[in-house]
Amino acid sequence: MSDRRSGRPYMDPYLAGVGIGCVLLAAFVVMGHGLGASGAFSSVVASGVALADSARAASNDAYAGYLPGGPASVFRDWFVLEVAGVFLGGMASALLAGRFRRAVDRGPRISSRARLVYAFGGGAVMGLGAKLARGCTSGLALTGGAVFSVGSWIFIAGAFGAGYLFAPLFRRQWL
Amino acid sequence: MTTHRVLAGAALLLASLGLVVGDPPASRGAPVPRVFAWVSAYDSARVDAVTLAEWLRDRRRNLSILDVRPADAFRDFHLPRAVHMPLAELGIVPADSAATVVVYGDREPDAQRAWLVLSAFGHQDVRALEEGIRGWLVDVINPVLPRPTTPAEEIEFDRRADLSRYFGGLPRLGEPIDPTARAEDVLTRTRRRGCAF
Amino acid sequence: MIGPFVETGLLSPAAGLVMAILIGFAFGWFLEQGGLGNARKLAGQFYLTDLTVFKVMFSAIVTAALGLFWFGRLGVIDPALLYVPVTYVLPQLAGGVVFGLGFVMGGLCPGTSCVAASTGRIDGLALMAGMLFGVLGFNELYPVIASFYSSTPMGAATVPDLLGIPTGNALFLLTVIAIAAFVVGHRIERRLRGLTSKRG
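Protein chains in written order, with numbering that gives the first Met the number 0: chain H, 0 to 174; chain R, 0 to 196; chain S, 0 to 199.
Hint data in this document are derived by calculation from the structure and do not stem from the laboratory. Treat the hints loosely; a few may be bogus.
Partial list, computed: chain H residues near chain S (C-beta under 8 angstroms) [unchecked claim]:
1. I19
2. L24
3. H32
4. Y62
5. W77
6. G84
7. F86
8. A113
9. T142
The model shown is predicted, which means the values in this text are computed figures rather than measured ones. Where a beta carbon is used, it is the ideal one built from N, C-alpha and C, also for glycine.
Looking at chain H on its own, in the form it has when it is part of the complex (with noise of 0.2 angstroms):
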């Protein structure tokens, strides 16, 4: 079954699995740790703040760690400038395949809306879970899986486990 509607067909998953386990050893390689995008999406929350509310900002231990250079040193931040990286290259990929496509990906049996609103649900609950968990499929499960993490075996087993534990509340937003 093919989700696609253009464009050439999907990279074989264990080569882009491949080329992504090489990106990470790049990543380590040159900067002595792994990839990230929980951290970038932090960084940018802690330097909102930051510009709304110093004061806020500094009363509160969740804004220290990311702070000490100031809210314009996101620009500086290792991982907002990654995530950036991911942002142009998934845009190069898809225009130079032919799946660009400005659309709402959901299943048959639900609005685009509902689907919209599913997808910020589930993003503000995935930020609960990634800051709680200090870390997301990037940054914990592929970085810490790469370096035999404890940590990250732990929350591989919990988030695949509660994917497939809350599956069947969702399954008329994808099947």
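Assemble chains R and S onto chain H, guided by the hints.
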């Protein structure tokens, strides 16, 4: 698919070879040269950042840590388990008189003053953190460890690197940090390396 | 040992920041190439209709783990200078469960949501907005959950250290388990495809 078999075969081959050749040799290191040399009457009441880090990691009992810096500095970054007590408000620490109380500030003179006050209040084991919070950042969080040349130095490097990583830091190979670097610059360089904060 | 390059000084931190964009570009590229910018494809993992997420993630982890091991062994990088995420057992388990719920609800993860958004998918944008909201919410709730958040720390624990085995052994086990899982996944897909075609 043949590509898949090739990939799987290559992975198994590399993994099996890894099983046979064993782990990379333990990394090596040499002690970081002491940047500041303090000769003072209270020399035995000082503690270095690495020792403090080991106390924290080993969950040493009856250990209190006091941060005597201004409140906003404390909020920006403080040692694990540290309690804030600015110099001007030093008083009795809620701890056993026999407890080990470690005080730290931006620089050692702040801690030295705190040591005097707390000892006067009757605390028997007050320690000042050498080189203050910079010492923590430079020696524990982001230690710069030169290449070792002997097996003993290798063991030392391993110890320092493990300790650093325990606190979420990142050990580095190379030349020691410029001793005149500002603490804020050192702190910026020790920022998190992943999605954690 | 010549690497990691920015740690040993071979590359400056500024060069490292440039590399961030390039590395991110390659990451986004491969994610899109594998179809991970498509929420339906990703969600299919949890209905067993499309195991792409699993295949991509674990082949990536095995590839990188093999690479890190051998680069360390051959002296290209110093393994002691590699960042290992800090383990907090309960928060990461709870965070994983919450994250998994959000994942099957939203159909994209933080990284892939950027890919979806950059390829025109509005649901990707919606998810990114949700993430900012969720992060903000966590930060505002932080004082309440701070003690749970820092509970059960294990430092930078690794599985080989925990089990008392060499990293090479753990790597071998990981590779074997991953390949076995891929074979099982392949069988599951074939059987489910067979069932659908019989009906249709």
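Each hint, compared with the structure:
1. I19: Where the cut-off is 8 angstroms and the nearest Cβ of chain S is about 4 angstroms from H/I19, the hint holds.
2. L24: 4 angstroms, holds
3. H32: 4 angstroms, holds
4. Y62: 6 angstroms, holds
5. W77: Nearest chain S Cβ about 5 angstroms off; hint holds.
6. G84: 2 angstroms, holds
7. F86: 4 angstroms, holds
8. A113: At about 11 angstroms, which exceeds the 8 angstroms cut-off, the nearest Cβ of chain S leaves the hint on H/A113 violated.
9. T142: Where the cut-off is 8 angstroms and the nearest Cβ of chain S is about 7 angstroms from H/T142, the hint holds.
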